[in-house]
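> Listed below, chain by chain, are the residues.
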Amino acid sequence: MIIQRARGRFPGGVVMPHRKRLSTHGKIESLPLPAQLILPLSQHLGAPAKSLVEPGQQVCKGELIAMPQGQISAAIHAPTSGVIHNIEPRPVPQPSGQNAMSIVLDADGHDRWRPRNPDPHPLEQPASRMVERLRRAGVAGLGGAVFPTHAKLARSVETLIINGAECEPYIACDEMLILERAAEIIWGAMLLRHTLGARRCIIAVEDHRAETRKALHQALLDSGLDECIDLRLVPSRYPEGGERQLIQVLTGWEVPAQGLPQDIGLLCLNVGTAAAAWRAIRYDEPLFSRVVTVTGPGIRRPGNFQVLLGTPIKELVAACGGYTPQATRLVMGGPMMGLALPHDDHPVVKACNCVLVLSRSDVETMFPEMPCIRCMACVDCCPAGLLPQQLFWHIQADKLQRARMLAVEDCIECGCCAQVCPSHIPLVDYYRYAKSALAQRDEAGRRADAARHRFEQRSARVNRAEQARTARLQRRDALLSTPSSGDRKAEIAAAVARVRAQRKPVTDEKQ
Amino acid sequence: MLAIVLITGLALLMGLGLGLAAERLRSSGDPVADAIEKLLPQTQCAQCGYPGCRPYAQAIAAGDADINQCPPGGTAAIRALADLLGREPKSLNPANGAASGPRLARIDESACIGCTLCIQACPVDAILGAGKRMHTVIAGECTGCELCLPPCPVDCIELIPATSEAWAYPVPGR
Amino acid sequence: MSAPTRKFSTAGSPQLPPTTSVTEVMLEVLLALVPGIGAYVFFFGPAILVQMALAIAAALIFEVIALRLRGRDIGRFVLDFSAVLTAVLYVLCLPPLMPWWGAIVGMFFAIIVAKHLYGGLGHNVFNPAMVAYVVMIIAFPRQATDWTPPTALAHPALSFSAQWIRIFTGNLPVGLQWDAVSQATALDTIKTLSGKLYTLEEIRRNPVFSGLSAYGWYWIAAAYLLGGVWLAGRRIIPWQIPAAMLGSTLLITTPFNWMDPSIHPSPLFHIFSGGMMLGAFFIATDPVTGASTPRGRVVFAFGVAVLTLVIRRWGGYPDGVAFAVLLMNLSVPLIDRFTVPRVYGHRDPP
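Protein chains in written order, with my numbering: chain Y, 5 to 515; chain V, 25 to 198; chain U, 25 to 374.
Errors might be hidden in some of the hints.
[Stated by the list, open to error] For lysine-lysine, the following DSSO-like pairs were computed, each having C-alpha atoms within a straight-line distance of at most 27 Å:
1. V:Lys-62 - Y:Lys-439
2. V:Lys-156 - Y:Lys-439
3. Y:Lys-403 - Y:Lys-439
[To be verified] Rough simulated footprint, nothing fancy, chain V against chain Y, three-plus residues with beta-carbon under 8 Å:
4. 97-104
5. 422-435
6. 438-445
7. 454-461
Hints are computed from structural coordinates only; laboratory data are not their basis.
Yeah, the Cβ is synthetic: ideal placement off N, Cα and C, and Gly gets one too.
Please model the entire structure based on the sequences and the hints provided.
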């Protein structure tokens, strides 16, 4: 094992105060069992899962209650034993604010497990079995993107990167996981590396806290895996933990535009995903809970918790002592990329790494929104090398094709540009709008092309029919205009005979 | 004196060059009309006064038609055309109809008599059916052009708003 | 028993307020000008402060008028201090004893014409202070170039009340003629006397010259340098622009000076005289009218330096920073088009 400081760097970025100590004073705590759990069928990227249960059905803890649909989909399991209340639309945390189909489970309080088959030697299993078991365990990326992990393992790669660089302020769930369960992360990394057939495995952590480095170092030494896994320290500069930026810092390479890290022989997985994969394979525990940081100036007693998926956020907050009087905004995720929620009756989903409650002074500012003064602060801090200022001007003028030419679709929505903008322009809102408007216009363009194609086909068919009819009429006219000859009389007699022959069977039937 | 001669000579030379280029380097097809047609919504509804999107595109390219005649394209198409042709966008010509959201035709099956008149009228073959058989509109192919409404002898076709499936981020407003 | 649901307001991410604001940026730039203004007052007396007060008042009044005519929110735009900054930069380019209407006319062209007729804050194409300066220089060349010597060199020196009277009424104390009171700047002297084919050594014997450039002026330039370096350190202005502008000046003037020092002044003289230092840190760094790509701003600064030096050497005016800046403002769209940077993951720039 080599502990090294990564030598690469990415352009731009913003140095942000960590604010993680607010919640990391204790250990990861567990919560009392909630009365009702709400499990949306779509907690991951890809197709929603298909429900396997009926209302009134009894389920055990860890039982499969929804199966993945297609290759890019994830399974859902019952986080505790109980009775299925219903499968109905419920509010789920998503930008549209719309409800989504969810399985509602009433807990019975017994927390009874289904039978489990732990595997004491998981590294001896073939890779294909591993992928299937991860698929059945519903493991998805716990870093925020929630991509179904088994689908990521389809291609083999050279190097596996385990991402422990939690760069957003306030979020500390990965840090706590490293401090308390480094062994699970390391064994999970070995498992995933074995599945992928990767030659190298790197775990990346930020350098601002020595305890995390020491915890991983110690775990590597204790497990004897220090020769197999490299530990790399990366500078704490937001958005260090973004997959593309992390790859650039660790290897100096860039993921091709519209491509994947697998295209350059790399794969990036979160530390939480690695630990979940280990628990799934080694102990047959599917993914139904995760570590969530509950923090912010609006929470009375911030902390990190092992939370069952489906726990309503309001119960999570109540377990932390409730809101402080300053609580003004509820965010799922971090302050830079998180989603502001309109109320706290949403369930904790696989993507929920943090519940952040901000105060009025955090979200409001006395300075109003001004026109863009073209100061280029946004250009200097964009980690993707874009020109946020130009993108903003073009999107404002509804020149979305020009914005596309300036690569707005490569924006990672990290929020660095909006953070440094002196004019207080909500830049990321513009890029999100542009991306979805471009997708809509592309779709409209595809439909228009299809319609034009059908129109052209129809016009061609109608023309052909017209021409065939004209030709037939011309032939008939030509025939009629020539004087009768003996051959013609024979033709007429043959035609009359044909008609009589056709008519005859009908009259026969009538009799 | 010399200056006048030189400038006139230069102007004549350039005029000759331009004339030759217009003849010899003329492109085949009509690339301007092609580019314009790509921006039109392809409903083939004839609300612009031309019998289809291609004739309208050709008319714009020839300078016979203005860019604001297409109700299904709406302001988005007008802006795109203005951008392409380097003109000022203008508001939609109200004489051709109002810009409405995406719409679909729907046949009331209880009233359909199977006459195939609507099938013959549809410019994109989006109606399924045959003589004395039930007719129905294929929603995925219907462009909402309304050409099937007049021919129907029992008036059993109506236009309903087409719901778009994906939610999109709203325009960041002031 | 489940807890009651609580509602919250929502907004797009990021959920933290930005680290700075337009007002703060403008105020820091004004703060960085304080050493320069202090040095100016030290060497030339407090008349410049009178001009500044006139210009600031005029600028704010014109801004309010323009905003009201355009139906815009007045408080937001007046309190961003951009008009104040324009006024201060304009005044620092013109003689301290300019008539009082010079500030008013200048601010009319700066605020109403150059800024609001083009769309207001963030939309103007040309640097408003430079537009105003150029209007004055071309339309009122005598009043805009009537410089006075530093108080230490002035014989006779005008008292503050005499300066005040001169500004507001145009009168001088009884018996004094303007020729006795005024003195050309160093660059102006060079331009006039070079035209009469004096060499630089001969020109430099003139008492207006001293030290690095002109008496008092190089101290003022050094004070601008101090303020500018602080601004660059605080990331209010990008360091690339002054570095490119001053670096290009050094790069271009050094070989000329080496070839023929009797005609071409030394590089340090160029940097410390005229508007070069003020231009490098405070005028070429104007965000609204400058380039908007990282390489573009270096090209912009290089262009300003080259054009300034060309005008200084071969042009009709003694100093060319204002014209150079305006000409480069014109080229900004072209520069932006050809200097788009490469995006992560792409092989070529868009």
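> Does the structure keep Lys-156 of chain V and Lys-439 of chain Y at a Cα separation of 27 Å or less?
With a Cα-Cα distance of about 47 Å, the restraint between Lys-156 of chain V and Lys-439 of chain Y is violated, given a limit of 27 Å.
> Per the coverage rule (Cβ-Cβ under 8 Å, at least three residues), is the segment 97-104 of chain Y covered by chain V?
holds (count 3)
> Go check the segment 438-445 of chain Y versus chain V for me, would you? Three or more residues, Cβ under 8 Å, otherwise it fails.
Check passed, 6 qualifying residues.
> Is Lys-62 of chain V within 27 Å of Lys-439 of chain Y, Cα to Cα?
holds, 21 Å
> Run the distance test for Lys-403 of chain Y versus Lys-439 of chain Y: straight-line Cα separation, threshold 27 Å.
Holds, because 12 Å separates the two Cα atoms, which is no more than 27 Å.
> Can you confirm whether chain V covers the segment 454-461 of chain Y, using C-beta to C-beta distances below 8 Å and requiring at least three such residues?
Since three or more residues must qualify, the claim that chain V covers the segment 454-461 of chain Y holds, with 6 doing so at under 8 Å.
> For the segment 422-435 of chain Y, do three or more residues have a beta carbon lying closer than 8 Å to a beta carbon of chain V?
This one holds; 3 residues, not fewer than the three required, reach chain V with a Cβ under 8 Å.
Consistency with the previously given hints fails for number 2 only.
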